Every structure is written in structure tokens, then in C-alpha cells.
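Trainee: The chain contents come next:
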Amino acid sequence: MFLAFALITLGAAFALFMQRNAVQAGLCMMLSFFGVAGLFLLLSNPVAAALQVIIYSGAITILVLFVVMLLQSHQEEPAARPGLVQKILSAVLVAVLALGAIKLVFSSSALANMPLEPPNKELMTLHKLGEQLFSEHIVALEAVGLLLLSAMVAAVILVKKEAQ
Amino acid sequence: MSLTPNETAAILPLAIPAVAACLIPIASLDRDQSTQKWIRAAIFAIAIIALGASFWYTTRIWGSGMQPSYRYLSLDRLAQFAAIFVQISAVYAVLQLWDHLHHEGWVKGEILALLLFSVVGMMLFAATSNLVLMFLALELFSIPLYALTAIVRVRTKAFEGGVKYFLTGAVASSCFLMGIVLLYGMTGSFDLNVIAQSLAKGVLDPLALLGAALLLMGFVFKVSAAPFHQWTPDAYEAAPHPIAGFMSVATKGIAIIALIRVFGAHLVPIAEIGSRAQTAFAALAVITLIIGNLAALSQTNFKRMLAYSSISHAGYLLLGFVAGTTEAHQAILFYLCSYLLMNLGAFGLLSAFGLVGDDTQFRDMRGLGWKRPGIGVAATICFLSLAGIPPTAGFIGKYLLFKELILQGHVVLAIIAIVASLVSVAYYLKPIIAMYMEPPKEDSEPVIAPFAGATVLVSGVLIIVLGLIPGRLLDGLVKPSIIQVQGGAADAEVEVVEISLEELSPNQLKDSF
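Line by line, the protein sequences give chains B and C.
Position in the first sequence counted from 1, then plus 1, gives you this note's numbering.
Position in the second sequence counted from 1, then plus 743, gives you this note's numbering.
The hints are simulated quantities; they were obtained by calculation from the structure and are not laboratory data.
Please read these numbers as outputs of a predicted model, since none were measured by experiment.
Treat the hints loosely; a few may be bogus.
Claimed, not checked - DSS-like, lysine-lysine: derived pairs with alpha carbons at most 30 Å apart:
id	chain 1	residue 1	chain 2	residue 2
1	C	1114	C	780
2	C	780	C	851
3	C	1222	C	1146
4	C	900	C	780
5	B	104	B	88
6	C	1114	C	1184
7	C	851	C	900
8	C	780	B	162
9	C	851	B	161
10	B	162	C	851
11	C	900	B	161
12	C	1114	C	1173
13	C	900	B	162
14	B	161	C	780
15	C	1184	C	1173
16	B	104	C	944
17	C	1173	C	900
18	C	1146	C	1173
19	C	900	C	1184
Extracted from the complex, chain B is given alone in its bound form (with noise of 0.2 Å):
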């Protein structure tokens, strides 16, 4: 099961980078999304899956296809090809970079000792959820709030016609 899942996150993100057309990209980020929803469940933390799928497969997705149909531009321009020893160049560093992930990521004794049960699995409910945001995690509800606000001002004054 997790490596069905990881897989498709992994395959749709790899195809999201190889494809030219804008619309299917987005297809794919959305699938992307569909496996991380489905690693969350594995988790059994079915509150972050369905969060995962109304908030990045559905509406962000979403906002993104809509972005590109507006602007009418589903072919990218083919940019300059990258040169041959640019691709075995770029080839080396990711080969590299993952070994050492993966390296890492085994020789970790703190990872082997983990117990494979989520401590607090009763956590993990909308009402809780809710609970903490508004008690806990206020200040940084705060936050979010004022970040979306400022990042809403700065699209609109970054865009907005001149009246002359």
C-alpha cells in the first residue's frame, strides 16, 4: 500500500516536471496530491487526508487550471535547451543528493526506534483539530490570518490598473 501511493506521488510529481502542457501538469500535481492524501490515511490520520484532498487536489488545483485557462497560454514556449553537460551535470547532483537522502535516512538510529503507533491518536479529530487551533495555536491563527491578508493586498496593489 505505502509504496503504491508513494509511488504515485513520486511518478505524477517526475511527470509534472516533464510535461509542456500547462493543463495536464496541473493534472498531474493534482494526482500528486491524491498520494500524499493517501500516505496520510496509511498514517490513519484521515482528518489531514481529507483536509489534503478538499484543500490541495480541490481547491488549489483548481485555482491553478483556472489561472492558466484565463491567461490562454496551455503551450510554454520551448525554452533553451539545456546542454549536454548541463543534463549529466544536473543528472550527477540529483543522483547524489537522493543517495545521500536515502543514506541519511537509513543510518538514522532515532528513525530505526520509532515506535510505529502515533502517540496521541485521539488528537487526530476534527474537534480536537478545532479545539487546539482556537486555544493553543491562536497566535499563530492570528497569523495565518494576517499573512493571507497582506498576501491578498499585495496581489491586488501588485496588479491593479493606473486610473490615468
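Got chain B sorted already, so can you dock chain C onto it with the hints?
Mentor: Below, chain C alone, put in the same frame as chain B:
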């Protein structure tokens, strides 16, 4: 939900600018703001009053010796220092913006709203030891700054600089976030105290080390130290001058202060992280000093020169972390105070001389020193202070840092830093030469920039005052901030919070306010 006075005291310094930031976009909806001066003045007044009120409130808290806290927001001494630091630089920026935006012909109220959002984010960034909240605060102060960089759309390079800053900033944010995730995975907590305690036990896991390294990378980017500095010249060149000054001072300052909290007070005491972090800091500092100073030498664009100079100042500040003692942290904070004055003074000079556009060369300022003697002298003081020449505040800052470095046995590093600051004299003399030794342009009409001019003058005076009598600032503001955070390792910090909760009854609070 009811709040105790202690909790209110923790929230208010952040809430005041936040509310003002929400009000300003409403005020600037008025279409007449481009024609009616009083509407623009009202918008700027809201910003100044909010910053002033927040500053006044924070200084009152400082004066009463309280360390109020609310949930994960804890306004301890270091956070109060950071808040005051950010508020002062924001006031500088707002005053200079009034003049600069009028010269540029692009006055928009929303610019101030974004600036205030950024201020709130910075204050929050330094006032928490919860990593999630820290990340949110990082985004809260970064995202408005990305937009502010590109905001004057009449400039050709504005958009380019903004996008560059945004993309590199996004990479840095994700590094920071990945670091948090790894540390959480290894310790099961987002709280720095708990993380430090649980990492101190037993053998250090390589994944935790990687987490700390990624976290450091995020910080280094915000400090704009090499090799994560490439965004700096482009972003500063694109941004309006006061915003560039604010970015160079407040972003760097707040990242350094948070670095003191995260690494200086919590992670470095863990031996296995500490030794590696020290090596990393030393390497980063040396690369930054070399790249920053050499690149600054060859600039003809005034703002790019200041950008590289701000990179090299990041190098000096990082040297303080190599020494890593309480005194070194105090020296860092003092250096930041002097850096605030001299760098905002230097950026303010651009607004005071009424230079617009994104290509401001040294030759644009030729002869202006004679024409505007007061500002010329004050700016000269700022540049001499940036170069570290006595009797300025910049000299004292460098002296304190290098002394601590030598006392800790890092003589080679100190020599490199001294050579670097000697090299820096060469490029700080360029604007002075342009101002005084070159013939002025004939045509120019007088520039009206009362506020920007005033900020430069105030900077000049304060730099000299601080350079002659540094003791007051050191004992009054800098030393208390660091003693508290150093004593705040794990148990002690919990104790402090409890005491302040019990001891400060509502009546006492009323007395102190």
C-alpha cells in the same frame, strides 16, 4: 475569552501595527489620494501613529521589566529589543517614503500597509520559540517585502528584482520548513526548549543535524550572507530606496536576533551541533566578507554598492556567532543598533537628494555635499561609520566584535575582518568624493525632502553620540536583552514566565503603566 493584563501586554505591541495595517488599505481605497495631499498625509499619519504607539508601549514594558507572554508568543527582553529595533527602522522608512514616493510620483497607501504587515511579522519572528509560529512569522514579513520590492511599477527593473527575490526567498523558506520538519520528526516537538533538551540526550542523530543545517540555511539567506546573497543587489536596486534600506536593516537584524535565540541560546549549547555550527559560521563569515567587499569595490551604482556593503556587514555579524559568548552576542546587538543608524542614513541620503529611478550612480550626487551642507556632513558621518572609522558608532561595534573574537582565540579571523574593513574604506569614500570633490550639475532645481533630510541628520548626530558614549546603550538596552535569553535555557525560562504570571497582579500592572 478573557485575557489577563499580562497577556494583553504581550499582544498589544503587535496588535497595534496589525490593526493599522488593516485600516490603511481602506483609507487608500479613496480615488482622490493621487490628487488630495491631506488624504495621503492621513495615511502616513496612521502608520506613524501606530508605530509610535507600539514603540511607546514596548518601551513601557521594557521600563517595567515585565516579560509578558501569551501562548507561544513571549515578549521577553530579546523580543522587546527586536521590537524596538524594527519599530525604529520602520519609522525611518515611513518618513523617507513620504519624500521618496512624492519624488517618484507613485504614492500608494498600500505600500505602508504592506510595510506594517512586515513589521508585525518581524516582531513575531523574534518573539517566539515555537518553530511553527516562527515559520509563519517568517512568511508574514517576507511576502509583503517581495511585493514591496516590485511595487513601483514605473521602474523598469522593479518586476525583475521582485521576482528574483520571491523565487530565491521561496527556496529559503522551504529549506527553513524542511529543517523544522526534521527537528520535529526527531524530537516530537516544535518548541525550541523541548527540542534542545531532547537533542542534548544521547547520541545526536544525523537527521537532526541535517535539520539544524537546513534551518541555518534559511537564516543565512535572510541575513544575505554568501553563498546565498545573489538576490541582494538586484532586490535592493529594484526596491524604492527607503524599502531597500528597511530590508537591509530590519530583515538582517531580525534574522540575526532570531539566530541568537535559535542557535545561540538553544542549539549551539548542544556540543555536537555547536562545534559544527561554529565551523559553519566561520566559513560563511569569511566567504561573505571576501565576496561582499570585493564586489562592492567595483560598483558604480550607489545602491548596488550599498547592497554589497550590507552583505559584508552580515559577515562581521556572523563573526560574532563564531565567538559565541554572551559578550559576543551583546556586541552583535550593539553592532545592529549602529548598523541601523548608519545604513538607514546612507539609504536616506538617496531620498534626501531626491534621486529617483533604479539606476542611481555616484555621479548623480556630485557636488551635492556643498549644496546641502548639513545633510552632506551627516551622510559623510554615516559612510565613515560604515567603514568603521573612530569616533563613530560603527567603530565601537566593530571593536567590540573583534575584541571578543580575539579573546576567544580566533586571531586569524579577526585579522581577515580587519583587513576587510580596511578595504571597505575604499568604496565608502566614493560617495564622499562624489559629493565634495566633483563639480556640481548646473541645472538642478532645489529638492524638497524635509523628512528624509531629517532622518539623515538624526542618524549623523546619533552615530557620533553613540560613538563617544556607547555605555548608555550598552548597559541600558543591549546587555539586559542578552542576559535574559542566555539565562533562558530550558528550565530557567519556564520559571521566569511563572514568576511574572504570579507576581504581576492587575494592580501592579496598572501602576507600571
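Trainee: Please go over all the hints and tell whether each is borne out by the structure.
Mentor: The hints, checked one at a time:
A C-alpha spacing of about 28 Å is found between residue 1114 (chain C) and residue 780 (chain C), which places the hinted pair at or below 30 Å, so the restraint holds. With a C-alpha separation of about 12 Å, the suggested pairing of residue 780 (chain C) with residue 851 (chain C) holds against the 30 Å cut-off. For the given pair, residue 1222 (chain C) sits about 17 Å from residue 1146 (chain C) by alpha-carbon distance, which is consistent with the 30 Å threshold. Between residue 900 (chain C) and residue 780 (chain C) the CA atoms are separated by roughly 28 Å; this keeps the pair inside 30 Å, and the hint holds.
The straight-line distance between the Cα atoms of residue 104 (chain B) and residue 88 (chain B) is roughly 24 Å, inside the 30 Å bound, and the hint therefore holds. Taken as a hint, the residue 1114 (chain C) and residue 1184 (chain C) pair is honoured in the structure, with Cα atoms around 11 Å apart against an allowance of 30 Å. Distance check on the hinted pair: residue 851 (chain C) and residue 900 (chain C) sit about 19 Å apart at the alpha-carbon level, within 30 Å; holds. A hinted pair counts as satisfied when its Cα atoms are at most 30 Å apart, and residue 780 (chain C) with residue 162 (chain B) qualifies at roughly 21 Å.
The suggested pairing of residue 851 (chain C) with residue 161 (chain B) holds, with an alpha-carbon distance near 11 Å, which does not exceed 30 Å. Between residue 162 (chain B) and residue 851 (chain C), the direct Cα distance comes to roughly 13 Å. Compliance with the 30 Å bound is thereby established for this hinted pair. The straight-line distance between the Cα atoms of residue 900 (chain C) and residue 161 (chain B) is roughly 18 Å, inside the 30 Å bound, and the hint therefore holds. At most 30 Å may separate the alpha-carbon atoms for a hinted pair to count; residue 1114 (chain C) and residue 1173 (chain C) meet this at roughly 18 Å.
With a C-alpha separation of about 19 Å, the suggested pairing of residue 900 (chain C) with residue 162 (chain B) holds against the 30 Å cut-off. As the CA atoms of residue 161 (chain B) and residue 780 (chain C) are separated by approximately 21 Å, the hinted pair is consistent with the 30 Å bound. Using a Cα cut-off of 30 Å, the hinted pair residue 1184 (chain C) and residue 1173 (chain C) holds, with the two alpha carbons roughly 17 Å apart. As the CA atoms of residue 104 (chain B) and residue 944 (chain C) are separated by approximately 23 Å, the hinted pair is consistent with the 30 Å bound.
For the proposed pair residue 1173 (chain C) and residue 900 (chain C), the alpha carbon gap of about 24 Å is at most 30 Å, so the pair holds. As the CA atoms of residue 1146 (chain C) and residue 1173 (chain C) are separated by approximately 29 Å, the hinted pair is consistent with the 30 Å bound. Simply put, residue 900 (chain C) and residue 1184 (chain C) have alpha-carbon atoms about 26 Å apart, close enough for the 30 Å limit, and the pair holds.
Of the hints listed earlier, there is not a single one the structure fails to meet.
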